[in-house]
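For the protein sequence lines, the chains are A and B, in the order given.
Once you know that position 87 of the first sequence is 87 in our numbering, the rest is easy, because the numbers rise by one and skip nothing.
Once you know that position 24 of the second sequence is 24 in our numbering, the rest is easy, because the numbers rise by one and skip nothing.
You may find that some hints are simply not true.
[Stated by the list, open to error] Result set (EDC-like, lysine to aspartate or glutamate): computed pairs, CA atoms no more than 16 Å apart in a straight line: (1) A:310 with B:271; (2) A:296 with B:282; (3) A:20 with A:51; (4) B:74 with B:26; (5) A:310 with B:146; (6) B:48 with B:76; (7) B:286 with B:301; (8) A:33 with A:148; (9) B:104 with B:176; (10) A:168 with B:292; (11) B:257 with B:292; (12) A:296 with B:271; (13) A:314 with B:271; (14) B:74 with B:23; (15) A:314 with A:304; (16) A:78 with A:18; (17) B:257 with B:246.
[Said to hold, decoys possible] To be clear about the criterion: a stretch of chain A counts as covered by chain B if any three or more of its residues have a C-beta under 8 Å from a C-beta of chain B, and this derived list gives those stretches: (18) 290-297; (19) 300-308.
Keep in mind that the hints were calculated from the coordinates and are not lab data.
Even glycine gets a Cβ: it sits at the ideal position worked out from N, Cα and C.
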Amino acid sequence: MPSRDTSPLMSIVVVVYDMKQQAMNTLRSLQTKYQQQVAASDYEVIVVENDSVSTLNPEEISKLSGNFRHLLRQDTSKTPVHACNEALELCRGQYIGMIIDGACMLTPGVLGWAKRAYAMSEHSLCMVPGYHLGNKEQQNQPDSYSSDTEQKWLSSVRWQEDGYRLFKNAHFSPGNKHGYFHPFMECSCFFASRSHFDRINGVDERFTQLGGGSINLHLLRSLGYNSDITPIVLAGEGNFHQVHGGVTTTPTTDREKRIKSFSDELNSHWDGQFHALRREPIILGNIRSQSLPWLKHSSQRASDRSTLLKQKRKPLWADDETLRVELKP
Amino acid sequence: MPLQLENTLYSLSPEHQQNVTKDDYEVIIIENSSNNTLSDTSIKMLPKNFRYILREECGVSPVPALNQGFAESKGETIGILLDGARMLTPRVIDHVLACNRMLKNPIVAVPAYHIGEHEHENYNTGREKEEQELLKNINWKKDGYELFNHACNSIANPRGYFHPLMECNALFCSRESIKGINVGNDAFNLLGGGSYNLHLYRSLGLNTDQALVILPGEGSFHQFHGGVTTSKNQENRATLLTQFNEQLNSHWGGQYKALAREPTLFGNISEQAHPFMQTACDNGMKRFSRFERFGETPWPDDAGAH
Chain A
1 MPSRDTSPLM
11 SIVVVVYDMK
21 QQAMNTLRSL
31 QTKYQQQVAA
41 SDYEVIVVEN
51 DSVSTLNPEE
61 ISKLSGNFRH
71 LLRQDTSKTP
81 VHACNEALEL
91 CRGQYIGMII
101 DGACMLTPGV
111 LGWAKRAYAM
121 SEHSLCMVPG
131 YHLGNKEQQN
141 QPDSYSSDTE
151 QKWLSSVRWQ
161 EDGYRLFKNA
171 HFSPGNKHGY
181 FHPFMECSCF
191 FASRSHFDRI
201 NGVDERFTQL
211 GGGSINLHLL
221 RSLGYNSDIT
231 PIVLAGEGNF
241 HQVHGGVTTT
251 PTTDREKRIK
261 SFSDELNSHW
271 DGQFHALRRE
281 PIILGNIRSQ
291 SLPWLKHSSQ
301 RASDRSTLLK
311 QKRKPLWADD
321 ETLRVELKP
Chain B
1 MPLQLENTLY
11 SLSPEHQQNV
21 TKDDYEVIII
31 ENSSNNTLSD
41 TSIKMLPKNF
51 RYILREECGV
61 SPVPALNQGF
71 AESKGETIGI
81 LLDGARMLTP
91 RVIDHVLACN
101 RMLKNPIVAV
111 PAYHIGEHEH
121 ENYNTGREKE
131 EQELLKNINW
141 KKDGYELFNH
151 ACNSIANPRG
161 YFHPLMECNA
171 LFCSRESIKG
181 INVGNDAFNL
191 LGGGSYNLHL
201 YRSLGLNTDQ
211 ALVILPGEGS
221 FHQFHGGVTT
231 SKNQENRATL
241 LTQFNEQLNS
251 HWGGQYKALA
261 REPTLFGNIS
271 EQAHPFMQTA
281 CDNGMKRFSR
291 FERFGETPWP
301 DDAGAH
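Pulled out of the complex, with its shape left as it was, chain A reads as follows:
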């Protein structure tokens, strides 16, 4: 750990519950030796884990390069919101990274670019596009696709040597299924300043459903729907979700019912109709050969979207327009 009087610039919160193997990969992807253009003193990782039958091994965590802090907590509430807020209390950085699902591994440029996005503006909301490992959204995978299959693939591809290899076996996550020039429905790894988290009073503890329900969607929009926020997308980077039996990414029989309940709760907080964040993003970063097809796909979908909205005479970035009107004296 850095000394008490030297706070890092960034604090990254990783919330974990019953996903030992996947979370360990996520933490490996946050190591200093893996992340590029960033020093150990630039950031700390706060791992908040709700107790389960399969918890992280503190000794393994202590061997990671970088400043990791692991907190195993007793919580019977089924939601990660309390863990998030406890982690926010512990964060010493000015720029907070939130990974509310600890099964999301990162590519090597995320922290370096997030650091620069903050240098550009403390009002940057820096979003890392989400992917699911595997060739389709994980809830649509056949029974033969399991956590074991995925972990074997990860070992074979030696992702720790080149994290951009993850793009080779991935699919856009449902949170940004049309690519990153469409409004983000949710984002499983994003960064915002401490003051912006404070402004929304941290993570809303009313989201008490299993896995927090749609808390992640609520959180992103709560932060992003502010005129002084600049949405940034790290186009060449990604967060990659691993199969772990998650609430919405597992094809259970009651999945649809649960999602409906999550949506109802979310809509109730947004005047009956929640919208993805419809604000024009700025893209930032290098595009490696592995991520170039995803940029092309996103760009094509953006063209499709603009054609469609033009036909319907609707604005491309409705939230930008509303915020502009609200700002006018």
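Assemble the complex: chain A is given as a structure, and chain B must be docked to it using the hints.
Relative to the frame of chain A, chain B by itself:
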């Protein structure tokens, strides 16, 4: 080129550039005297952060004018448009300032386009009138990104920005960087400066301590004006180009190469810029595959970068 210059100057004005004010930047116009200079009326109407300098120049190169412009400039970040016929899209200045907050002394390059379906060296002089008429009709002053809908990639980057750019016609870097390469190199004394712009881009871009940023959603748009290399009926065009190349190569150990450094992309992408992004991606994927097959890096000039 008064008609073209007036468009370029409007595109640089605070009225057109978004999210910036006149206090954020200055524009220094250095014009070499000719029979066709910017009118007094136009000069009087320039925004308050613009300065116009008319100079007598007996040579045929813009390099001495560039040196004078640099000497007159006050900013810590310098933008160079060596050809006054290049109009800019609305967030160039905003994004350059953002890049400078984010990175230490970045080199920021704006991709180049030609107005029209084809590169300008394919057109005769009649093109000028036609093109200015087009610009009047497309209302680019209301939405500067409309220019993308009436343009093609420039010959300097025909395959887009995942290929090395041969030159850059709207280039931004720190004052220190320009001092480091001794500003304009007077040896480039051929007509129009010959290939000085190519020399400048590579000279500045080779410093791997400085990130190379490309603004994929912005553009510099060349208007036809009978330029040295961008007109079909320029007498002896082929001979001139050979001379330019020979002079350029003589400064680079016999073989000049486009700057092959991995770019950082930055900026918003308007709906009009997306088709160019898709073409750049297609061409980039082919290029990356080719390098992968041979086990080579697509960005050899990054070697030694830190």
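- prompt: Within a Cα-Cα threshold of 16 Å, do residue 48 of chain B and residue 76 of chain B meet the stated pairing?
  reply: Answer violated: residue 48 of chain B to residue 76 of chain B is near 19 Å, above 16 Å.
message: For residue 33 of chain A and residue 148 of chain A, compute the direct alpha-carbon distance and say whether it is at most 16 Å.
response: The hint is violated at about 26 Å.
query: Taking only the CA atoms, is the gap from residue 104 of chain B to residue 176 of chain B under or equal to 16 Å?
result: Since the Cα atoms of residue 104 of chain B and residue 176 of chain B sit roughly 11 Å apart, the hinted pair holds (cutoff 16 Å).
task: Can you take a look at whether the region 290-297 of chain A is actually covered by chain B? Rule is 3+ residues, C-beta closer than 8 Å.
output: Satisfied; 4 residues make the cut.
message: For a C-alpha distance cap of 16 Å, please report whether residue 314 of chain A and residue 271 of chain B respect it.
response: Distance of about 14 Å is within 16 Å: holds.
message: For residue 314 of chain A and residue 304 of chain A, compute the direct alpha-carbon distance and say whether it is at most 16 Å.
response: holds, 14 Å
- prompt: Are the Cα positions of residue 296 of chain A and residue 282 of chain B separated by 16 Å at most?
  reply: Holds. Residue 296 of chain A to residue 282 of chain B sits at ~7 Å (cutoff 16 Å).
message: residue 286 of chain B and residue 301 of chain B were given as a pair; does the straight-line alpha-carbon distance stay at or below 16 Å?
response: Distance ~20 Å between residue 286 of chain B and residue 301 of chain B Cα, so the pair is violated.
Hint consistency between residue 168 of chain A and residue 292 of chain B [alpha-carbon to alpha-carbon, up to 16 Å]: Between residue 168 of chain A and residue 292 of chain B the Cα gap is close to 14 Å, so the pair holds against 16 Å.
task: Starting from residue 257 of chain B, check that the Cα of residue 292 of chain B is at most 16 Å away, please.
output: violated, 20 Å
field: Straight-line alpha-carbon gap residue 310 of chain A to residue 271 of chain B, limit 16 Å
entry: holds, 11 Å
- prompt: Are the Cα positions of residue 257 of chain B and residue 246 of chain B separated by 16 Å at most?
  reply: Judged against 16 Å, a Cα distance of about 13 Å means the pair holds.
Taken one by one, the earlier hints fail for this structure at numbers 6, 7, 8 and 11, listed in ascending order.
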